[in-house]
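Chemist: The listed protein sequences correspond, in order, to chains L and Y. All residue numbers for the first sequence refer to this note's numbering, where the first residue is 1 and numbers rise by one. All residue numbers for the second sequence refer to this note's numbering, where the first residue is 1 and numbers rise by one.
No lab work stands behind these hints: they were computed from the structure. For glycine and all other residues, C-beta sits at the position ideal for the given N, C-alpha and C. Just so you know, not all the hints are guaranteed correct.
Derived CB-CB ranges, DEER-like [as the list claims (entries may be wrong)]: (1) L:I122 with Y:H122: 51 to 57 Å; (2) Y:S203 with L:A160: 58 to 64 Å; (3) L:E59 with Y:F166: 35 to 41 Å; (4) Y:L233 with L:L274: 41 to 47 Å; (5) Y:F178 with L:P100: 34 to 40 Å; (6) L:R98 with Y:K130: 26 to 32 Å.
Here are the simulated DMTMM-like cross-link-like pairs (lysine to aspartate or glutamate), alpha carbons at most 25 Å apart as the crow flies [to be verified]: (7) L:K14 with Y:D172; (8) Y:K204 with L:E69; (9) Y:K204 with L:E106.
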Amino acid sequence: MSENTTAIQVSPNKRYSQYFWRSWAIQDSWNYERQMNMGFLYGIAPTIDRLYPDENDPEQVAKRKEAYERHMAFYNCTPQTSAFVLGLASSMEEEYARDPENFDPETINAVKTSLMGPLSGIGDSFFQGTIRTIAFGLGTALAAQGSMLGPVLAMVISAAFSIPITWYAGKFGYEMGNSFLDRLQSGTMEKIMYACGIVGLMAIGGMVATLIGITTPLTFSEGTVVLQDILNGIVPMILDLAAVMGMYWLVKHNVKTSWLLAICIVGGIALSALGILA
Amino acid sequence: MNSIGMAVLIGLVAVFAMLDSRLLGRLNFEQPLVTSAIVGILLGNPAAGLASGATIELMSMGLVQVGAATPPDMVMGGIIATSFAILTGSDPETAVAIAIPIAVLGQLLGVTFRTIIAALGHRADAAIEKGNFREATNYHIVWGTILYSTMYFIPVFLAIYLGTDFVQGIVDAVPAWFTNGLNFAAKLLTAYGLSLLLSMMASKGMMVFFLLGFFGCAYLGLDVTGISIFGVLLAFILMSVKYQGGSAATAAAGIDDDYDPLEDDEL
């Protein structure tokens, strides 16, 4: 129980302002492979560092390494709503440090994965769909009349929604985690894992069907038979499913990441240039 | 103002626009309405900046970055096009015409860049392995900021410095097969990212929920939020069946009672 005595304490406001700024900075290393994974790690790193501060204690260093590795997993969420996930995951990390025997750390990533789909959906449609349309619709109308107030108003409206929502999302995530995890028994954990698995996997399935968009331009019999139409008639988005299942098979068979990236880039350009897929 | 100084200034506007989505959670300060006004002020013609900004903004309003899909980069297109319009004294409509090819070029650059910087993640993995925790987070906050800023500063600086003809020349010179190939490669990389997520989440007997989510969206046309709501409801239903043994057993018993007479009839 060395964790109990060594963990560094900070004021709630310091914690919440870290969730706030680090959620906003979550896209700083956005990439096609694991997307915002390093952004999430950057957000939760101060929490982890406070839990395992002793760099000379091999046990603490091992725990810290394990936590850093955990948060390098694929992640993608609207920055404003992601603050909620960051707050919740931080309180789960604290709970795990307090009670490592009865807390399955895999729950943390399961909760992250199951929340990021719905929170991105809500966040993107609210901030990029609703707020942006209203703020910039108004601003553009004013700017078209030659008023500098146009861009200023658009910026003010955007910030007026973004700032409080990000702040309270982080705060609620953390507080909810504390009160909610206090009541957890080991059986409850299993239930949560099961429920998160269902929601998370269904969201991943949904992302495969809606976010990739692979098609084939191939036609036969002088263009009268369009392969894509036939495929759509069998199962819509079947090529996206096939691509993910193919990659999944390779990942499961421990094919090296560098090979997989080469397959994606070189193979992708070749397949596209040959007119097989697009 | 000499042309190098001007190119540096406009390049810094581009860095500001990029950092809006990197460090400020995309407050939309990157939008053409805002950046064109700033460009107008810096180049001494705020009215022309506002007019170009309003026109380009209307056109790019529909382009929303959702998930991993990268639309034509109207942020870069808007900044460069507004500068050209002001510097050459053309009208806002010309600015829109210039903005589109630049936005497509910017999209190509963005896709390539976001593919390459996946390497930062592998460096961070290695740093964590060695116990260099600060180094790992620096790949995000320091290197991410520097590389993304550079990725925007250099092309905008060069475009303003070298001029419109040069930009148009590059747009025409990149072969279409290469652009299309990169777009397709980006889709495969997204498939790879999702398969990593799947391998993390899919434990024994859970794969069926992945397929349920996929087919729900593929056949019923639901979006990710919709399928997640169904996922939550399904989780509630299955939890009550799986874990609340008492009530589930009673319900099952009730069904059995109903079926008994039917079976008797058949016999």
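Chemist: Using the C-beta atoms of L:E59 and Y:F166, is the stated range 35 to 41 Å upheld?
Modeler: violated, 60 Å
Chemist: Against the 25 Å threshold, does the CA-CA distance of L:K14 and Y:D172 hold or violate the hint?
Modeler: violated, 52 Å
Chemist: May I ask you to test the hint 34 to 40 Å on the CB atoms belonging to Y:F178 and L:P100?
Modeler: violated, 51 Å
Chemist: Please verify whether Y:K204 and L:E69 have alpha carbons no more than 25 Å apart.
Modeler: With Cα atoms ~23 Å apart, Y:K204 and L:E69 stay inside 25 Å; holds.
Chemist: Could you check the hint for me, namely that L:R98 and Y:K130 are 26 to 32 Å apart, CB to CB?
Modeler: At roughly 28 Å between Cβ atoms, Y:K130 and L:R98 fall inside 26 to 32 Å, so the hint holds.
Chemist: So the hint says 41 to 47 Å: do the beta-carbon atoms of Y:L233 and L:L274 match that?
Modeler: holds, 44 Å
Chemist: Take the C-beta atom of L:I122 and the C-beta atom of Y:H122, compute their distance, and say whether it sits inside 51 to 57 Å.
Modeler: Because 32 Å falls outside the window, the suggested range is violated.
Chemist: Is it true that the CA of Y:K204 sits at most 25 Å from the CA of L:E106?
Modeler: holds, 15 Å
Chemist: So does Y:S203 sit 58 to 64 Å from L:A160, Cβ to Cβ?
Modeler: At roughly 43 Å between Cβ atoms, L:A160 and Y:S203 fall outside 58 to 64 Å, so the hint is violated.
Hint compliance for this structure: hints 1, 2, 3, 5, 7 are broken, all remaining hints hold.
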